[in-house]
Structures are given as C-alpha cells and as structure tokens.
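Visitor: Top to bottom, those sequences are chains A and B. Be aware that the first sequence starts at 1, since it is given in UniProt numbering, and climbs by one per residue. Be aware that the second sequence starts at 1, since it is given in UniProt numbering, and climbs by one per residue.
Keep in mind that a hint or two might mislead.
No distinction is drawn between identical chains; accordingly, a pair holds when it is met within one copy or between any pair of copies.
Below 30 Å or equal to it, Euclidean Cα-Cα: the simulated BS3-like pairs (lysine-lysine) are [what the hints assert, rightly or not]:
#, residue 1, residue 2
1, 87, 123
2, 90, 123
3, 123, 151
4, 151, 206
Hint data in this document are derived by calculation from the structure and do not stem from the laboratory.
Protein chains: 2
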Amino acid sequence: MHRVQVTEIAGVMTLGPQATRHLHVLRLQPGERVQVFDGRGGQGEAVLLDLLPGEGRATLELQPDALGTVRGAETPQPVTLAVALLKGDKLADVVRAATELGAASIQLLLTQHAEAREIGAQKLQRLRRIASEAARQSERSVTPGVLEPVKLGAYQWNGTLLVAHPGSSTLLTDLLTWDAPLTVLSGPEGGLSGAEMQDLLAQGAKAVTLGPRILRAETAPLAMLGAIAATGY
Amino acid sequence: MHRVQVTEIAGVMTLGPQATRHLHVLRLQPGERVQVFDGRGGQGEAVLLDLLPGEGRATLELQPDALGTVRGAETPQPVTLAVALLKGDKLADVVRAATELGAASIQLLLTQHAEAREIGAQKLQRLRRIASEAARQSERSVTPGVLEPVKLGAYQWNGTLLVAHPGSSTLLTDLLTWDAPLTVLSGPEGGLSGAEMQDLLAQGAKAVTLGPRILRAETAPLAMLGAIAATGY
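Please model the complete structure; the sequences and the hints are all you need to start from.
Guide: Structural data, given as structure tokens:
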C-alpha cells in the first residue's frame, strides 16, 4: 500500500500541491486505500475521496478501524544524529541514509575546521524534503527533523552523547543502554579540533571507536547509525 | 606524508603515467619522502629520485630502514563484501565507503531481482580505481579487489557468510568471532528472492538483522560494515 505524509491524522485530510502531485504520479484513483502518517508516530489507513491535480488538492478519509500510533520501526529512545556541515551535496546522502537507519532528528553543527560555514534556506529545505521522502520509503512513522545549525560550543544535548574519535577504544555498543535519549556526533572533513573534543568530553560525552581506518566525514555518521541498527533497533 | 601505490615494493620502483601524474599534482620534488604501499599489505618509505611528468615516469628508492608489512588498519581476518549489482552509480558509493570501512575484497553478484543485469568493463575499471583511491585516502595498506560479477547460485565463499535479512533477529556482532574469513552479503534493489535466501541458508549462511526499517540496497552493506568497524576492527 502506498504511504502519504499528512500534516495531521484526522477524519478528513486535505492535501496540498506536493502530496497531491505524489498521489497523481502513483496514478491513484478515488476509492483506493493508502497509508497515511504524520511524521510524529501517528499513522493509519485512509481512502482517497477525490484528487484534483490541476488544483493541487486531494482529500482522504480516515478509516477508523485502521488508526494507530505505530512505533514498531522506531528506536526505544530517540536517536539524534549531530553532524557538522559538510561540503557540496554530502549532507543529502547523510540525511537520506540516517533516516533509513532510524535517526529521530538531525542536528546540524557549526564546527571549527568545517569547510562549509553556513547552509542556505533552500538547501536546508531540500534536506527536510529528503528526510521526509526517505522516511516514507523506509516505512517509518517518524520523519526526522533537520534542525538549523548551532555552534558546537553552544550545543546542548539530552541524555547520552557518543562521538566518533579515532583514538578511542571504547565500543559504541557497550554504551548503548536505551535508558535515555541518544545522540551520535560526528565532525567535519577536517575533524573536530582538540579543544572541541576536550569540551565535549568535559561535558560528559563519550568517545567511541569506528575502527583503525580514517573515515570520511560522510561515512562516520552512517557507521555509527549502522552499528546501532545492527543491534536490532 | 603522501602515499603512493606501487605495483611491487622494491629497491627502486618506476612508476607509470597515472601515479606519476599524482606525484606531479602533489608538487613533490626529487629528494622528498613518500609512503609507498602495494595494496596487498606491504608498505614502506621511499625517496623520490626523479619525476618526468612529460614522459609519465617517476622513480622511487626504498628506504631500507622503513620497510614493513603493516596490517594495523586491517581486520584480523579478511572481510569480503558480496553485493548485488545496483543501478546507476550506486556501486561507486558502496565501493568507496566499503573500502574505508575495511573490506578486503568486493565480490559483485548477479541476483534474480537485480535491475542491473551486467556491468561494463569501463565501469568495473572505474570501481577499481575508486577502491584504490579510497584505500590511499583511508591510509590502508590493502586495496580491495573488485571482482567480476558471479551468479549468486554459483558463489562459493570461504568461512562465515552473514546476509542482511529483514526477518532475522540474530545480531551480526554475536557471530563475529574472527576465527575464519568473513563475508557480508547484501541484495539488489528488489531484495534477494525467497529461493536465493533459502539456498544461502541451506549452505550455512546466517541471516542477521539491520533493524526494523527498510534499508536501500546501497545502505545495507554500509550498515553491516559500519557495525563491524564499530567493534574496533
């Protein structure tokens, strides 16, 4: 069954131009059933009442027998990926794969050695669309938010923070207890500075290994999230 | 120190046009030291004797005090990534990240549901160049071979084979004993067929989980290799 993201799960849902276009591309006809999800854990089944592609409007009616908050595909505690701004289009790939691998939100970071110093509104918007699309494709009921960059020095996290660090021999899986929200953090192309790393550790972050090789900035976050996914969550 | 791949570690090493161009781009001058590696675990330090970019030829002299077979960045047993042919340029990203994450070789597979049915000689050559470049950048002494596709039904592996399978609840890390060579296998866009999966299991392969979400064909291999890297190897 096709999946459509809606603003809110409700008895009758009116969709805007983008979602309507998506239904149109899928060649759905009035009367057909789709899955709807709100990106915050709510989902259900709905029937397409009408589809007006010219007007960019579609209406769905919720089937009351098939409503539920399904978190089957979500981790026991939310996992945030905190990732430095990266050059070019690399963040698009990171956001896409991080969404598949279960990140509940993606916090962009401004760091000392980053080659990218800012992100434009359009690019941020595009990352959010990518997260939404990846959530749909991987059949998640939660769409990760992609949050405006903050300076690493001012970043406040909740729960446990694990940071990929070449020198560490601590294993990520040894620190994965699911008793608090989890953040995995990875740096920019130039790595985190020594001062940034010390600051994080002083605030209680734990450094973890990703093996003895040098990973690119776009590979490290996926290795961390892949390691979590491989524990079954 | 810059790293240069050579055909064979020897007292005097003559480089061909491609490696010479690389040295030229790095603006290396005769007398400067570089690291040399042969892609099979041998490496050492050498001094650039001469560099003739017009002729595409450079000569390096090995420094006998700095020769060694260094496997510090390699896994205790070789890890093979066996991966189905994928559409478009997806294999390039997989090969690049798999090399960073420690794969010792990459075996391409022909599978039932694959959308890509073959790979051209040029494309295969390009994947090999990507593996070589990624090995250099991640400071590995082994360059993974990218092996011509074989039919999954005829594929013979050595040691342990772990295959990503949505239905499994077995953890990859529980099967990671390093007492034999390891192969991690992942399917094409359409997944492995039921018959293919049964055949693999009948031959002793183990199915492992990568969490409850649907992963794209290009993400699953990286999640498996990332999970291994996160164990410190």
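Visitor: Hint by hint, where does the structure go against what was stated? Just the numbers, ascending.
Guide: none
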